[in-house]
Structure formats: C-alpha cells, structure tokens
Amino acid sequence: MIEVTNVEKSFGDAHILKGISTTFEKGKTSLVIGQSGSGKTVFLKCLLGLFTPESGTISYDGKIYSQLSDDEKRNLRAKMGMVFQGSALFDSMTIAENVMFPLRMFTKQSKSEMEDRVNFVLNRVNLTDAHHKMPSEASGGMQKRVAIARAIVNKPMYLFCDEPNSGLDPKTAIVIDNLIQEITDEYNITTVINSHDMNSVMEIGEKIVFLKDGYKAWEGSKETIFKTDNEVVTDFVYSSELFKKVRKMYIEENE
Amino acid sequence: MQYLHNIGTYFLMIAEMFRKPTKWSVMRTLILKDIDDLIIGSLGIVAFISFFVGGVVTIQTALNISNPLIPKYLVGFATRQSVILEFAPTFISIIMAGKVGSFITSSIGTMRVTEQIDALEVMGINALNYLVFPKFIALMLYPFVISIAMFLGVIGGMAACVYGGFSTLEDYITGVQTDFIPFHIVYAFIKTIVFAFLLATIPSFYGFYMKGGALEVGKASTTSFVWTSVMIILLNYILTQMLLS
Chain L
152 MIEVTNVEKS
162 FGDAHILKGI
172 STTFEKGKTS
182 LVIGQSGSGK
192 TVFLKCLLGL
202 FTPESGTISY
212 DGKIYSQLSD
222 DEKRNLRAKM
232 GMVFQGSALF
242 DSMTIAENVM
252 FPLRMFTKQS
262 KSEMEDRVNF
272 VLNRVNLTDA
282 HHKMPSEASG
292 GMQKRVAIAR
302 AIVNKPMYLF
312 CDEPNSGLDP
322 KTAIVIDNLI
332 QEITDEYNIT
342 TVINSHDMNS
352 VMEIGEKIVF
362 LKDGYKAWEG
372 SKETIFKTDN
382 EVVTDFVYSS
392 ELFKKVRKMY
402 IEENE
Chain G
16 MQYLHNIGTY
26 FLMIAEMFRK
36 PTKWSVMRTL
46 ILKDIDDLII
56 GSLGIVAFIS
66 FFVGGVVTIQ
76 TALNISNPLI
86 PKYLVGFATR
96 QSVILEFAPT
106 FISIIMAGKV
116 GSFITSSIGT
126 MRVTEQIDAL
136 EVMGINALNY
146 LVFPKFIALM
156 LYPFVISIAM
166 FLGVIGGMAA
176 CVYGGFSTLE
186 DYITGVQTDF
196 IPFHIVYAFI
206 KTIVFAFLLA
216 TIPSFYGFYM
226 KGGALEVGKA
236 STTSFVWTSV
246 MIILLNYILT
256 QMLLS
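Going down the list, the sequences are from chains L and G.
Using the working numbering, the letters of the first sequence map in sequence onto residues 152 to 406.
Using the working numbering, the letters of the second sequence map in sequence onto residues 16 to 260.
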C-alpha cells in the first residue's frame with residue numbers, strides 16, 4: 152500500500168502539486184487522471200522517488216521514503232516496476248535483453264533461469280516470437296507489452312504506468328489495460344496508472360484520483376464517477392459527446 | 016552564475032560516477048562495447064588524418080627551409096617534434112571531441128529524452144556509473160590511439176618527404192632520430208590522459224543533464240564540442256607551461 156500525505160512540489164515559482172493526500176491499496180488498479188498540465192506526471196515521479204517533494208510524506212507499506220537511507224531507497228526502487236509513456240526500452244538491446252535487464256542487475260540467477268523467466272513473462276504479455284527483435288522493429292503496442300514485461304520480470308511490489316496506452320489504437324489500448332489489471336490481480340501488487348483516457352477509467356479504474364491544477368479535486372471509483380456532481384470532474388469526463396451519451400444512458404438505466 | 020552552477024554539477028557528476036558501482040558482469044560488457052565504439056571505431060579516421068597531417072607538416076617545413084646552411088635532416092626532426100608534441104595529442108583530441116564527444120552527448124542525450132535514464136534510475140541503478148564510467152574506462156585506452164597517430168604522422172611525413180623529393184629517406188630518418196628527448200613522449204601521454212578524461216566527462220555531462228527534445232540533443236552536442244575543445248586548448252597550454260617550460 153502507498154500512502155501519500157499532503158505532498159507539495161514546486162519548480163521555481165511554479166507550484167505544481169498542492170497538498171495531495173491519498174492512498175493506493177495493494178491488489179488494486181488505481182488511476183490518476185486529469186488534464187494535461189494538472190501535475191499527474193510530477194505526482195507519479197514523486198511516487199517513484201525521481202522528484203523529492205518539498206513537504207508531505209510518501210510511505211510504502213509503512214516506510215516513509217524520505218526517511219530511508221540511500222541503500223534502503225535503492226532496494227525499494229528495485230521492487231518498483233515502471234511502464235513509461237514512451238516505453239523507454241533500451242534501444243541498444245534486443246527485446247529479450249531489455250526484459251532480462253532487471254534480472255541481470257539485481258539477481259544472481261543463472262543464465263538459463265533468467266531466460267526461463269524472460270520467456271515466461273514475454274508469454275504472459277503475449278509476445279512469443281519477438282525475443283530477438285530490436286525495440287525499433289516493434290510496433291507501439293508491442294513496445295508497451297515489452298515495457299510491461301520488463302516492469303514485472305523481477306516480481307515488483309509496486310507497478311507504475313505513465314499513460315500506458317497513449318498513441319495506441321482503441322483495441323490495443325484495451326488489451327494493455329486488461330493486461331495491467333490481470334497482472335495486478337495475479338501478483339497482488341499496488342498499481343498506479345497516470346491517464347487521461349476515459350476508456351481506461353471505465354475498464355480498470357478501481358480507484359480514481361482526479362487532479363486539477365495540482366489539487367486533488369475528486370476521488371472515487373469507475374462506478375461513482377458517473378454519479379458525481381463535482382463540476383470539475385464532470386467538465387473533464389463528459390467533455391466528449393460519446394461520454395455525455397454514456398452518462399445519460401447510465402442514469403436512465405439506474406432510474 | 017549558470018557557469019558556476021554547471022561547474023559544480025560537473026564535479027558532482029564525476030564524484031557520483033564512482034559511487035554505487037554497477038554489477039561487474041554487466042559493467043564488463045558495457046566497457047567492451049564502449050571500447051569498440053569509442054576506440055576501435057575511431058582508428059580509421061585517426062589513421063587517415065594523422066598520415067596526411069604528417070605529410071603536410073613535412074611539406075610545409077621543407078618549403079620554408081630555403082637556407083642552404085640548414086641541414087636537410089631538419090625536415091624529419093621538425094616533423095617528429097610537431098607530430099609528437101602537438102598534432103597527435105592535441106589536434107587529434109579536438110577531432111575526437113567532434114567524433115567521440117558528439118556520439119557520447121547525443122547517445123546519452125537521446126536516452127534522457129526517451130526516458131531511458133529515468134528507467135535506469137527508477138530501477139535503483141546509478142545511471143551515471145552505468146553510462147559514464149564505462150566510457151571513462153574505455154577512453155583510458157586513448158593513448159593507444161594517440162601512439163598510432165604519432166607513428167602514422169611520422170610515416171606520413173616520411174612518405175611526403177621522400178616521394179615529394181624534399182630530401183632523402185636517410186636524411187629524414189636521421190632527422191627523426193636527432194636530439195630525441197624521451198620526456199617529450201611522457202609529456203604527450205600525460206596530455207593525452209588528461210584529454211581522454213575531458214573527452215569522456217564533458218560530453219557525458221552535456222548529454223546527461225540536457226533538457227528538452229530532439230532539437231536540444233543537437234544543441235547539446237554542439238555545446239559539448241565547443242566546451243570540450245575549449246578545455247583541451249586551455250589545459251594544453253597549462254600542461255605545456257607546467258611540464259616543458
């Protein structure tokens with residue numbers, strides 16, 4: 152479980168995160184949503200320890216990150232998996248080498264053990280014959296799946312995804328969303344996803360945190376987001392005609 | 016103020032580069048890859064430039080010696096001194112600042128832009144040790160490149176001298192052997208090691224701490240070339256003053 156308490160972050164005069172508090176539970180897929188520039192990526196980078204908040208605390212299963220020693224922070228980070236927006240695969244390595252990388256860095260497994268594990272996770276993300284391809288030879292959807300495989304190969308306790316289905320077609324995006332959801336359930340990990348894709352919200356949003364201009368404007372689930380009267384949320388969620396119709400149908404069905 | 020900040024960050028980067036070392040089995044692969052990219056991959060251009068620059072130095076020296084009292088073997092002597100003291104260590108290093116330096120800045124900068132460095136840091140890896148340290152170790156073989164440059168410079172001078180008809184082979188070889196001071200080789204290699212350190216660290220600094228996108232990668236490569244060259248020229252002067260005067 153990740154507990155965030157009153158986190159503030161600024162860059163120069165720009166006050167990006169303004170007192171955010173929330174909790175991300177183990178075994179659940181949580182989404183942080185909001186418009187571009189709302190502070191989602193900065194928030195995620197604070198969770199990852201890439202940015203240090205000016206005030207407030209972030210604790211991982213009771214351990215406050217800022218109070219850990221450098222070695223403890225390093226060990227904690229080794230338990231985190233991250234899927235970056237652009238996949239961030241190492242372009243000098245093949246797909247199999249990318250996935251094997253965390254194992255080579257942090258375990259003492261033999262080569263055959265590592266290869267078995269790589270084969271297992273690549274099968275898990277439905278990539279059975281891409282081992283020897285370079286990342287540049289893979290499609291966007293494949294790269295995302297490789298990034299997920301790399302993130303889970305070392306059995307992480309926390310999985311973070313920054314806009315995992317940006318740039319993907321709707322069908323592939325749903326496949327990626329479902330894959331993340333399945334992995335979260337299967338490994339019982341704490342998953343936090345940054346997104347502004349409402350399809351993702353409806354697919355996997357067990358918990359949703361809505362950010363607006365650096366504030367936490369709303370918190371709920373995919374079931375409650377349709378019922379909320381919070382104008383800030385409804386302005387964002389029902390900005391498209393499709394979702395206006397979906398909401399109307401939902402209300403009619405439930406009356 | 017920004018310059019002071021950059022200088023401070025540069026020295027902190029160097030200190031951080033030696034901390035939290037990467038697993039040796041991984042580091043060994045990285046070092047071998049960087050030796051291939053930075054050292055072996057530079058041999059062709061270095062050999063080509065050294066050979067022809069040696070030839071040009073010889074021709075210009077020969078053409079400027081019009082006094083019949085000056086012995087012909089001086090052409091070989093002047094070529095050896097110019098090549099060993101300046102052309103091989105300094106001139107080649109400035110060319111390497113363009114070739115190797117741009118490669119280092121753009122490859123690390125692209126990793127920054129595509130979040131690959133963030134991916135390393137999220138995994139708990141010391142990205143500076145992982146990326147910069149192998150380049151630093153690989154470039155410790157840079158004196159090997161410069162020795163080849165020295166040798167080919169003198170050979171190029173010999174070819175130009177003999178085939179250009181400026182003096183005989185015997186005169187040239189006599190000149191090359193005349194008044195040889197072994198410390199000049201030591202001086203040249205001390206400079207080379209210092210330049211190798213600059214070639215590994217300044218381009219890495221500009222790549223690692225760059226911000227922005229593809230355009231900024233190009234700008235960072237240019238800036239890194241300019242500052243690596245400036246520092247090579249400056250330290251060349253300081254080391255020459257310290258070691259030879």
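It is possible that some hints are incorrect.
As the list claims (entries may be wrong) - Cross-link-like lysine-lysine pairs, in silico, DSS-like; alpha carbons within 27 Å at most:
1. K363/L <-> K226/G
2. K38/G <-> K306/L
3. K35/G <-> K262/L
4. K38/G <-> K259/L
5. K306/L <-> K284/L
Unchecked claim - According to the in silico footprint, chain L covers these stretches of chain G (three or more CB under 8 Å from chain L):
6. 61–74
7. 186–199
Calculated directly from the structure, the hints in this document are not laboratory data.
Even for Gly, the Cβ is constructed at its ideal location relative to N, Cα and C.
Hints, verified against the model:
1. K363/L <-> K226/G: Within the cut-off at roughly 25 Å; holds.
2. K38/G <-> K306/L: Given pair K38/G, K306/L holds - Cα atoms ~20 Å apart, limit 27 Å.
3. K35/G <-> K262/L: Holds, at roughly 24 Å.
4. K38/G <-> K259/L: holds (10 Å)
5. K306/L <-> K284/L: holds (24 Å)
6. 61–74: With 0 residues closer than 8 Å to chain L, the stretch 61–74 of chain G misses the three-residue bar; violated.
7. 186–199: Three-residue rule not met by the stretch 186–199 of chain G, so violated; n is 0.
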